[in-house]
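Asker: Given only the sequences and the hints, what does the whole structure look like? Please build it.
For reference, each letter of the sequence shown is one residue, going 1 to 533 in full-length UniProt numbering.
Possibly wrong hints are sitting among the right ones.
When the alpha-carbon atoms are kept at most 30 Å apart in a straight line, the in silico BS3-like pairs for lysine-lysine are as follows [said to hold, decoys possible]:
1. K125 x K45
2. K278 x K219
3. K80 x K461
4. K304 x K377
5. K312 x K127
6. K9 x K304
7. K80 x K443
8. K219 x K384
9. K461 x K377
10. K127 x K45
11. K425 x K377
12. K127 x K9
13. K425 x K80
14. K461 x K384
15. K454 x K9
16. K219 x K9
17. K377 x K312
18. K443 x K454
Beta-carbon label-pair distances, calculated as ranges [stated by the list, open to error]:
19. S253 x D16: 26 to 32 Å
20. C507 x N19: 47 to 53 Å
21. G94 x N22: 42 to 48 Å
22. N295 x R372: 19 to 25 Å
23. Y479 x D16: 25 to 31 Å
Note that these hints are calculated values from the structure, not bench results.
Glycine included, each C-beta is placed from N, C-alpha and C at the ideal position.
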Amino acid sequence: MTDFATRLKLVAQQPDIVNAFNRGIERETLRYTKDGQLVQTPHPKALGSALTNQYITTDFAEQLLEFITPVSRDIPTLFKQLSDIHRFAQVTMGEEGLWPMSMPCYVGDEENIQLAQYGTSNIGKMKTLYRQGLKHRYGSLMQIISGVHFNFSFPETFWDALYGPQSEDERCSSKSAAYLGVIRNYYRFGWLLPYLFGSSPALCSSFLQGRETSLPFEKTGGTLYLPYATSLRLSDLGYTNSAQSVLRIGFNSLEQYLEGLRQAIHTPSGEFARIGVKVNDEYRQLNSNVLQIENELYAPIRPKRVTQSGEKPSDALANRGIEYIEVRSLDVNPFSPIGITEEQVRFLDLFLTWAALSDSEPMDDCELSCWRENWQKVILEGRKPGLELQIGCHGEVLTLQAWAKRVFSELRLVAELMDEASGDKAYQDVCERLSTHIEQPEKTLSGQLLEQIKQSGGLGKTGRELGEHYRQYHLNHDYQYYSQQLMEEEVTRSVEEQCQIEQDDHCSFDEFLQQYFSYLNVREEQPVRAACE
1 MTDFATRLKL VAQQPDIVNA FNRGIERETL RYTKDGQLVQ TPHPKALGSA LTNQYITTDF
61 AEQLLEFITP VSRDIPTLFK QLSDIHRFAQ VTMGEEGLWP MSMPCYVGDE ENIQLAQYGT
121 SNIGKMKTLY RQGLKHRYGS LMQIISGVHF NFSFPETFWD ALYGPQSEDE RCSSKSAAYL
181 GVIRNYYRFG WLLPYLFGSS PALCSSFLQG RETSLPFEKT GGTLYLPYAT SLRLSDLGYT
241 NSAQSVLRIG FNSLEQYLEG LRQAIHTPSG EFARIGVKVN DEYRQLNSNV LQIENELYAP
301 IRPKRVTQSG EKPSDALANR GIEYIEVRSL DVNPFSPIGI TEEQVRFLDL FLTWAALSDS
361 EPMDDCELSC WRENWQKVIL EGRKPGLELQ IGCHGEVLTL QAWAKRVFSE LRLVAELMDE
421 ASGDKAYQDV CERLSTHIEQ PEKTLSGQLL EQIKQSGGLG KTGRELGEHY RQYHLNHDYQ
481 YYSQQLMEEE VTRSVEEQCQ IEQDDHCSFD EFLQQYFSYL NVREEQPVRA ACE
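Answerer: Pasting the structure below:
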């Protein structure tokens, strides 16, 4: 019996596990005008404080909304919550729409992108300054690409089934090691997600705005596309950072990951130093290191832990271990009014459970580079017939189709287990339907979207048509979980909380930053002290 089969059998003895997965969704979307251009209005006051509203905030820009659900164990509940949040936002926005794609709508001038504002508190000003640094480092256009983040964790019964009785420290260590195993397998096989769900094979030509690219784009109207691309959002044109390519952040242990992350935070960048940190009494970025803060690390998946007040993410992980994982490689689904479907969530349940139950050997730099190359192949030409991917660093290759079929053969076993617990065939149905996309790439989201873009005459027209349809959908949507009153109460509460935060500040912004980044000085001085002893 294989290790995968052994673990699957252990989990099968706890039939309630599938009904206890913890899930949360964060969906980003641009506000746009009826003619398909980026709005020039600030974040609507009727949506409350972007700093403290627990459901609706902004990401990089005032025009880039982010909708956040609480953690839920029930998929229908999760989608009711996300739909209700969309409903409330759309009602307050009037004629403005929610852009239904990952790649931005028409942007006439990069300076039209307004940095997100979070008030006058020190933490609010720091959030805006962080974005100012991103603007100087990478430009604003890259930062308004939208995505969907999926937060996921297994219930304690899952770990009970795999590990049996454990002390608190043992369980913390086991969970962290297991989640890192999931992350390694995500790098190995996660290219399936952009293949199946990538939804950005094309972009508006305004997105380049004079930037050079070696990609062999074809053109239809004002739209540029690659014929076999799946997710340009994940390509070098999107969420990448060339300065981070030199980083060696491993996932073989929590200690290795944290050491690599902390090293990146402490590593000076000559390129970013030329920007300056504070020039003529005006801040340009938080610091000139490769990463200003931990959140600047671009990764398709991250280990996470809910932080306590004043605690940094890496400290939370170091203190209490990995609590959940954040899948960050999902494009906005243009065929869903809320950017994601229940089918996608069920597939993620399947895939992440399979990744946890499968063997996940340690990964060296060579293997990690190999898997990153596979991702890039799938991102740029994933629907190309006969596309070959590497198997590790040993020169072996396998077609995407052959490899995907191998994975799906085991995903079906996980689906059967999950459906036994639920008493239906929901997971098996998802597995069977998506498996047909392996040999029929035109069925994938990128295949469908590119065909629609070609038929309609461009990305802009397709986006406007879908966006208007969804605007009407949200306006006609009846609340299913929340209520208008509850959402308005959250608006009021968030504004009051922001005011309180601003009143509680008792130091200058300079002092606040000096205190916040004091760990940089401590870390940098340690080798000097050692050398002086």
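Asker: If a hint holds in the structure, say so; if it does not, say that too.
Answerer: Results of checking the hints against the structure:
Taking the CA atoms of K125 and K45, the gap is near 18 Å; set against the 30 Å cutoff, the hint holds. Proposed proximity of K278 and K219 is contradicted: the alpha carbons are some 42 Å apart, above 30 Å. This hinted pair checks out: K80 and K461 have alpha carbons roughly 29 Å apart, not beyond 30 Å. Between K304 and K377 the CA atoms are separated by roughly 28 Å; this keeps the pair inside 30 Å, and the hint holds.
Under the criterion of a C-alpha separation no larger than 30 Å, the hint pairing K312 with K127 is consistent with the structure, at around 14 Å. Simply put, K9 and K304 have alpha-carbon atoms about 28 Å apart, close enough for the 30 Å limit, and the pair holds. A hinted pair counts as satisfied when its Cα atoms are at most 30 Å apart, and K80 with K443 qualifies at roughly 27 Å. The suggested pairing of K219 with K384 holds, with an alpha-carbon distance near 18 Å, which does not exceed 30 Å.
A threshold of 30 Å between alpha carbons decides the hint, and for K461 with K377 the separation of about 28 Å falls inside it, so the pair holds. For the hint linking K127 to K45, the alpha-carbon distance of about 18 Å falls within 30 Å, and the restraint holds. The suggested pairing of K425 with K377 is violated, with an alpha-carbon distance near 33 Å, which exceeds 30 Å. The straight-line distance between the Cα atoms of K127 and K9 is roughly 47 Å, outside the 30 Å bound, and the hint therefore fails.
Of the pairs offered as hints, the one joining K425 and K80 holds, with about 22 Å between alpha carbons and a cut-off of 30 Å not exceeded. Distance hint between K461 and K384 is fulfilled; the C-alpha atoms sit about 26 Å from each other, no more than 30 Å. For a cut-off of 30 Å, the pair hint linking K454 to K9 is broken: about 48 Å separates their Cα positions. Restraint check for K219 and K9: the C-alpha separation of about 51 Å exceeds 30 Å, so the hint is violated.
Of the pairs offered as hints, the one joining K377 and K312 is violated, with about 35 Å between alpha carbons and a cut-off of 30 Å exceeded. A C-alpha spacing of about 16 Å is found between K443 and K454, which places the hinted pair at or below 30 Å, so the restraint holds. For the pair S253 and D16, the supplied restraint of 26 to 32 Å holds, since their beta-carbon distance comes to about 31 Å. Hint check: C507 to N19, Cβ distance near 48 Å, so the stated range 47 to 53 Å holds.
The hinted range of 42 to 48 Å is not satisfied by G94 and N22, whose Cβ atoms lie roughly 36 Å apart. Distance hint check for N295 and R372: the Cβ-Cβ separation is about 21 Å, which falls inside the suggested range of 19 to 25 Å. Y479 and D16 have their C-beta atoms about 30 Å apart, which keeps the hinted 25 to 31 Å range intact.
Violated hints, listed in ascending order, are 2, 11, 12, 15, 16, 17, 21; each of the other numbered hints is respected by the structure.
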